[in-house]
Amino acid sequence: MSSFVTEVLASSGKLEKDDLACKISKLSRKVEETKEEVTDMINKKYIEFIPSMEGAEELLDQVESVSKDIDLLKSCIENEVQQNLHDAVTEYAKLKQQLEKNTAVIDLLQHLQEARASVNALKAWKDSELPLVRSLSSEITIQRENLIYHLGEEWQKLAVWKLPSTKTELTSVKSFLKTALHLNRGGSKGDESVPHALLPSILQALSIQGELHKKIKLFGQVLFKYMLKPLIIYPSLVVEVSSQAEQETVLSLQCTETKADHPDPSQVYTKVLTVLKTLHEHVFDGSIDEKKVSEILGDLIWEEMSECIIRECLVHSIPTNSSQLAEYSEVIKQTEDFEGSLKKMGYLAGDSADLLKYARNVNCHFASKKCQDVIVAARKLMTSEMHNTVKITPEYKLSIPKLPSPSGGEKERKESCKKSGHYDQQSLENEKQLSPSTLCLPVCRISESVHQLMDLAIQTLSEAVGSSPQCAVQLFYTVRNIFHLFYDVVPTYHKDNFLKLPHLAAIQHNNCMFIAHHLLTLGFQFKPHLPLKDGVAYFVDLVPGFRRLGARCFMAQMNIQKAEMLERLSTARNFSNLDDEDNYSVASKAIRQVIHQLRRLGKVWQDVLPVNIYCKAIGTLLNTAISELINKIMMLEDISNMDGERLRTLCQTITEEGPLVFNPLPDENKNKKYQEEVPVYVKKWMTLKEISMVLNANLQEIVDRWAEGKGPLALAFSCNEMKSLIRALFKNTERRAAALAKIVK
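Read left to right, the sequence shown gives residues 1 to 745 (the UniProt record's numbering).
Don't read these hints as lab results, they were simulated from the structure. Cβ atoms here follow ideal geometry from the backbone N, Cα and C, with glycine treated the same way. There could be a bad hint or two in this list.
Claimed, not checked - Label-pair distances were calculated between CB atoms; the ranges are: (1) S243 x T270: 17 to 27 Å; (2) C440 x D373: 56 to 66 Å; (3) H484 x L218: 44 to 54 Å; (4) P666 x L499: 24 to 34 Å; (5) N641 x A737: 52 to 62 Å; (6) D261 x E330: 12 to 22 Å.
Let the sequences and hints guide you as you build the complete structure.
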């Protein structure tokens, strides 16, 4: 049984194994098929997935780019929104303010609308009340004009003018003698005990109507033009106060004899105060609205009147000399009293002191006036004639007044002596002393005007010594300005005369040298007495300019004379072909014209120029003529015997008459010394003598004077010049060739 079961179980197990194996094989095939299908499917899906994945990646990149753009746009939007939000807040605040203003305007317009409604409500009364208003307005206007008219009449009664005819020219004293002012006290005839009863009422009424200022202004203009100004300008005019009736006073102008050209301050103050006091007593002694009537008049006329007093009176009262400054304190006191009287009467405000300020500033005005007068006087001297001269000798010295000793000078001198020790005076002196005339200006003539100009400068500096520091400095620089003015004015003003007249050119040269000479020491003579700083150059810096000015003026005249001389010599036809009588006559005439020109100049400059300048000038001109003659002779290529004789004659004319033009002094005997020294002043003098000898010498004499380059001819001519002259004088021969061979250095 068990075996059966076993077999059954075994057969069943075998069956199951076979079945399982079959199933497994089937499953394996299915698995393989499935794997193949899966593989195919995966391959298919992979092939389809790759493009999708790549597309997805591209889409991812696009998404990221779009995201960045979105973020950027978001930030821009946020910034814009924030900015717009700030602007919106600001705009909101402005709109709020505008709304408040508009609300206020609307409220105002509502009030105006209410007012307009009220006005419209009154239109019903317009027709009934308009005639009454017009009548009242017309009546007020008429009454006001009548009041003003009557007030004007009353004002005219208070002050009645009698003036010169409008056709009369107000240019002299006589034209103002008809001027008169009639003043009425302003009271009623029946009430003499109250002389000013109506005056305050008239003035008050004019003030209320706005006419008082106009009336006083017109009155002040007439008062100043016809009474105060003439009294200030003309010393002979005086004011006379008289009474014609019980309540009437007359101010009139009268003429008195006087020799004064300008009014005295005390007289002017007295005359003006007489007029203003009389006006104050009769018309202007009152107050309107706590302001004096006299103050109104003073405000209107004071500025013009003070300027007139300063211009016509105080300016001319300024002292012309520093010694008179102390006396001017009286004028200052009178001015102070004058302004005090005006302030007491109310014509002048308490802080106004124009005249007193001007008078107290007398030092400044004195300096300004003195400087102006000095400059005017200096310019007058500069533009005056220069022909009148004065002679300057070595003994001449500037007339400097005695100056006060500088403070502390003696003490400093004693201290310096103590420091330096007590040396014997004789041991400090040099054994050889300079000549007294070593640093003196040479004898010459200068313009009298320049002499006076220098005296004016010294006088002005002397004034500065005794003046206040400010005045002294101003006067010192005025003296400097005098010399600056001379430097600019004289060469321009006298320019034509300096070029045409040798005499004036020489005088101008001397003038400049005279000024330069004294400017060297002028500053040091006044330096201890002037309150100037240590760095001030005084006048030394002007010296080179004046020397150049004088030299330039004289050299311009010298050039003119040289040009005239060369022009005369140019007519000599180059001194060629003198065997022709016409040519010789022309050449001889040219030489004699040159000699005549030099004689004329020598006569003109005689006793004017210093001797050394005179001799140098004449010598230079003579040397120019000689050089021109020698050059023309040296240019000749052929000189015949006749030409040589006549050229020698022309040279002898110069050598004989040339020294005679040297006449620097009026005494003929003293001039011989300078005539003998011609070679010193004429460089070509010896050359002229040598060429004159050569023109009449033979070859041997020429060779002998050449002396192998050591003789006088060699000093006057070069080898080439001498050879050229020999070739022109002598024919081409063996002797000439031999002579030319010996002309060597």
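Taking the hints in turn, this is what the structure says about them:
1. S243 x T270: 17 to 27 Å: 20 Å, holds
2. C440 x D373: 56 to 66 Å: 32 Å, violated
3. H484 x L218: 44 to 54 Å: 51 Å, holds
4. P666 x L499: 24 to 34 Å: Once the Cβ atoms are compared, 27 Å apart, the range 24 to 34 Å for L499 and P666 holds.
5. N641 x A737: 52 to 62 Å: The hinted range 52 to 62 Å is violated for N641 and A737, with Cβ atoms some 20 Å apart.
6. D261 x E330: 12 to 22 Å: 20 Å, holds
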